[in-house]
Amino acid sequence: MKSRKIALWIVLMLVVFLPSLGFAQEKVIRIGALYPMTGRSGLYGMDSVAAAEMAIDEINAKGGAAGYKLDIIFTDSKSKPAYAVRVAERYITEDKVHFLFGVVSSAVGLAVTEISRQNKVIFIGTDHAATELTLDNFQPYYFRVSNNTFQSMTAGALYLKELQKEKPWKTISYIGPDYAYGHSQLDEIQYNLKRFGVDFQLVSKYLPKLYEPDYTSFITSLIKDKPDVLVSGFWGGDTVAFIKQAKAYGLFEKMLYFHPDAGGNYEVMSALGAEMPAGLVLSARHHNNWPDTELNRRYVAEFKRRTGRYPTYAAEGAYAGIYAIARAVEKVGTPDNTEALVKALEGLQIKLPEDPDGFTSYIDPQTHQIVQVQAIGVSVPDDNFPPAKMMLGKWKVYKAEDLLPPKELIEKRLKK
Amino acid sequence: MDFAFLATQMVSGFSLATLLFLNASGLTLIFGVGRIFNFAHGSFYMLGAYFGYQVSAVWGLPFWPAILVAGAAAGIVGSASEYLFLRRIYGRPHEGGFQILLTYCLILIFDDLVKMIWGSEYKSIAKPPGFLGAVQVGDVFIPTYNLAIIAVGLLVVLAAWWILSRTRAGRIARASAVDREILGCLGVNVPLTLTVVFGLATALGGMTGALAAPLRSVTPGAGIEIIIDSLIVVVLGGMGNFWGAWFGAILLGEVNAFAVAFVPEWSSLFSYIVMVLTLIFRPEGLFAPARIRKA
Amino acid sequence: MDLPRRYKFGLLWTAGLLVFALVPLLMTSRYQMNLAGHILVWGLFAVSFNMLWGVTGMLSFGQALYYGIGAYSVGLLVTRVGAAWFFPALGIGLATAALISLLVGLLVIRMTGVYFTMLTLAFAQLAYQVTLKWRDLTGGDDGIQGIIPPGLLADKTFYYYVVLAVVFFSIWVLKRMAYSPFGLVLRCIQQNPERVRFIGRSVRMNQLRIYVISSLFAAAAGALMAGMDSSIHPDMLYWTTSGEVILMSVLGGINRFFGPFIGAIVLILLEDVIGAKTEFWPIVIGSVILVIVILFPRGVVGEAQHLWSRFRGDSSQRSPA
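So the sequence lines, in the order shown, correspond to chains A, B and C.
Each residue of the first sequence is one higher than the one before, counting from 1 in this note's numbering.
Each residue of the second sequence is one higher than the one before, counting from 1 in this note's numbering.
Each residue of the third sequence is one higher than the one before, counting from 1 in this note's numbering.
Mixed in with the good hints there might be a few duds.
Listed below are the simulated BS3-like cross-link pairs for lysine-lysine, each with C-alpha atoms no more than 30 Å apart in a straight line [what the hints assert, rightly or not]: (1) A/K407 - A/K304; (2) A/K209 - B/K127; (3) A/K224 - B/K127; (4) A/K69 - C/K277; (5) A/K415 - C/K133; (6) A/K27 - C/K133; (7) A/K407 - B/K127; (8) A/K389 - A/K407; (9) A/K161 - A/K120; (10) A/K226 - A/K389; (11) C/K156 - A/K415; (12) C/K133 - A/K194; (13) A/K331 - A/K120; (14) A/K304 - C/K277; (15) A/K331 - A/K62; (16) C/K133 - A/K205; (17) A/K209 - C/K133; (18) A/K226 - A/K205; (19) A/K165 - C/K277; (20) C/K133 - A/K96; (21) C/K156 - A/K343; (22) C/K156 - A/K224; (23) A/K120 - C/K8; (24) A/K407 - A/K170; (25) C/K133 - A/K62; (26) B/K127 - A/K331; (27) B/K127 - A/K394; (28) A/K226 - C/K133; (29) A/K304 - B/K127; (30) A/K412 - C/K133; (31) B/K127 - A/K396; (32) A/K120 - C/K277.
Keep in mind that the hints were calculated from the coordinates and are not lab data.
Computed from a predicted structure; not experimentally measured.
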């Protein structure tokens, strides 16, 4: 009986005293970050955490921003919107953060942007791609520092348009996860192909559930459909599982695998190693081997030094987000004037690892979406980034301005 | 729709079914014998995949022995969990609820342990040499590795059938499903039986995880994703019924394969529709467990 | 039931109500009120669920279905039709939940034990998949944002008091029910359905009745949550949501009326406090609950009562269930 009593006490003590261990600091920019740190999307979250800490260390080592040190708190969002809402409330009212930060899942992003709007606290989105956030669900306190799916699908459509001249193709099939992310990519690739006057025919579309473990029957169906191009909208582990399973069926010899948003992300190459087929056309929001600039090399090497692994693109989003905050605070001089910070972030230019020479990323003042160059590559043997045995090469680069939605579309969707 | 496509889809349904069955086999075994609902079964599947990765990709053991080692290791962890934790809640009123809560804790703990040990990056096991390609029968393509999995599935069904119905150990296991008290009076060490069976069940889960690893991605949280599908298979087949689970898995695999082919938009609904219909019309599953257990 | 006992209950009720009522006045940040609000709603959800399980012995793994119906009724009507529709939406949500639980109930109550559990799970998962798929109506995986209740209700503190009032009233009703003759029949159904038949009561009729009632209150909880978070999501219909109320009930104690409510408090506090401290919350929470499960077979409330009665030297403790 005694042991039970003691256990009861320990639990009580934990519940009562843990919350009071907070601490106060002066002259700091407080950032409240929400990332998934457990489960499937945990890798993106952990990479983002590591990169955000790296950026903060770099900035604080140089004396911070406008005399303020950056301080970040991380909480596991568990990829659950309802829980994330509660954490965001805590960040705002208890930790008094100046910025909400992060989020990998678009659904969590949509829930948190609502809290940001109601409380007038700036929310820097680093790694969720749903286009709605900067269009239909636009609100003045939200900024996104990584590409959305519309930008990647525009680059994708341009790539396919050029490809048609070299190697005539006519039919496409689509496969992607059955949630907003997968659906928007399907809509956006079609919209953009039509917009660029590409003659194509969508012969089939498949939307397996997210985290589907077995794609066998989708693969055999796709092979029967005989499309010239297979557009894929998976991310992370789903891409890995699909490629592993499709390879044995010879799918990649029968059609061109085209995956312009997340297919070229580093974790795909590292998980597949030697099994990664050559000749897949892929892209991602940041590449470890492109552009070959001093900044990118240093960023990748430093990340590797700190974590022992190479970064996925999620990391660069978080890195960019911290720099955006620091630059904005430098401009305004204080993290407390939210309205001035919003003005400062609008149109803000930040030089990022993913910027090629001669280009600097900037935040579009109208939609609060970052504007960036996108490069699409083809998988080729390259073992400079082990455990990956294949990396992307044979790049085709798309100008940042060309990837934005047309004006009418922006205005139509902003009004909603 | 030509015949070759129907045949291909049939085979891919079959290969899907075999992994579903292997996942569910351990779940149904421990439910049938011990009336234990192991919600953490998926975690043992995940542990098996990580053990397989450690043994084959890191330590360099050949693939097939590595699968067995991974299964055995998962089984040892399973037995230990049963011995240390689960056994303490047997016989409580509302034991089922406690089983769910306790095994849920195991899910949380194993997920985190895996993340601490192996990190959150995706891991991969390469397919064994000789199983990289595919065989072609007419126009039907079947990857050799999928064939190997189907063979392993059949082997497990036969072995389980043989052990359960032809050996003394199997008879004890079946008897413990019926009446543990009488069995104890007959001089059988019932707690030990349960520990061993739990170990076997989780070993099956672990082996499946390792076996599936060359086709899937090995990540933390991989366990929770397969548990519901496994549950559906167990229910379809009649809880605790090995043969039933096998047929249940085939039914589910085929329904899914053809749903993907004909109504791709709605394919994800079909597993649940099959389950609802089965339970409404045959409440105890397609292959009802032995009547005697109702007592 | 002796008089002092009744007073004791009255005292506990008032104390509980007071603690929650004081939260907005004593809080140092609005987060604490938000947390208390979440606890109240989950508490109601868990208590209503336990009317099915702890009292009647029907372990449903699909109550998230009704929680979701409540939430989506409010979410859809408030955002698509107008904020003024908040209360009508609540009513429509309850009516929909009643109708669906009646139809589903007719099918599921024919099963017993594990089969009942599995069929409820299947129905809820089916509804979850439909919610995901029917993107035009439900917004799919994105969920619905910007659910702002009308007028005074838009004020978070006012809304909190409304939630407090609704939750306490609902729990009071459920408690009355649990100790009424109807509640007694439900308990008999759990212990010995044959006897219930012998005394001329219909087992199925009463099971159906409690299934519908429990689902109604689950829907009410979902509806309240939609207004509190201003956003809803298909996750609310996922099996993990159904699982959560099971966890809360076991943790708090299935055989005590307030067990699930205490379980909700413990689980939500653990989640938030430990989740805020470490990314390794799963292993910490997992271990803490593991210890509770093994050491406290009666759940937190049951053990506390047991300890209390031992402390008082009262050996005639009897379980109300």
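A/K304 paired with C/K277 [C-alpha distance capped at 30 Å]: Within the cut-off at roughly 26 Å; holds.
Restraint check for A/K120 with C/K277, where alpha carbons must lie at most 30 Å apart: holds (26 Å)
Holds or violated: A/K69 to C/K277, with C-alpha atoms at most 30 Å apart: holds (21 Å)
Restraint check for A/K331 with A/K62, where alpha carbons must lie at most 30 Å apart: Holds, at about 16 Å.
A/K27 paired with C/K133 [C-alpha distance capped at 30 Å]: violated (48 Å)
Agreement of C/K156 and A/K224 with the hint, judged by alpha carbon distance not exceeding 30 Å: violated (56 Å)
A/K407 paired with B/K127 [C-alpha distance capped at 30 Å]: violated (50 Å)
Given hint C/K133 paired with A/K415 - CA-CA distance at most 30 Å: This hinted pair holds, its Cα atoms lying about 26 Å apart.
Pair hint A/K224 and B/K127, alpha-carbon separation not exceeding 30 Å: Given pair A/K224, B/K127 holds - Cα atoms ~25 Å apart, limit 30 Å.
Given pair status - A/K170, A/K407, alpha carbons within 30 Å: holds (29 Å)
Agreement of A/K407 and A/K304 with the hint, judged by alpha carbon distance not exceeding 30 Å: Violated. A/K407 to A/K304 sits at ~40 Å, over the 30 Å cutoff.
Pair hint outcome, A/K331 versus A/K120 [Cα-Cα no greater than 30 Å]: holds (20 Å)
In summary, the numbered hints that this structure violates are 1, 6, 7, 8, 9, 19, 20, 22, 23, 25, 26 and 31.
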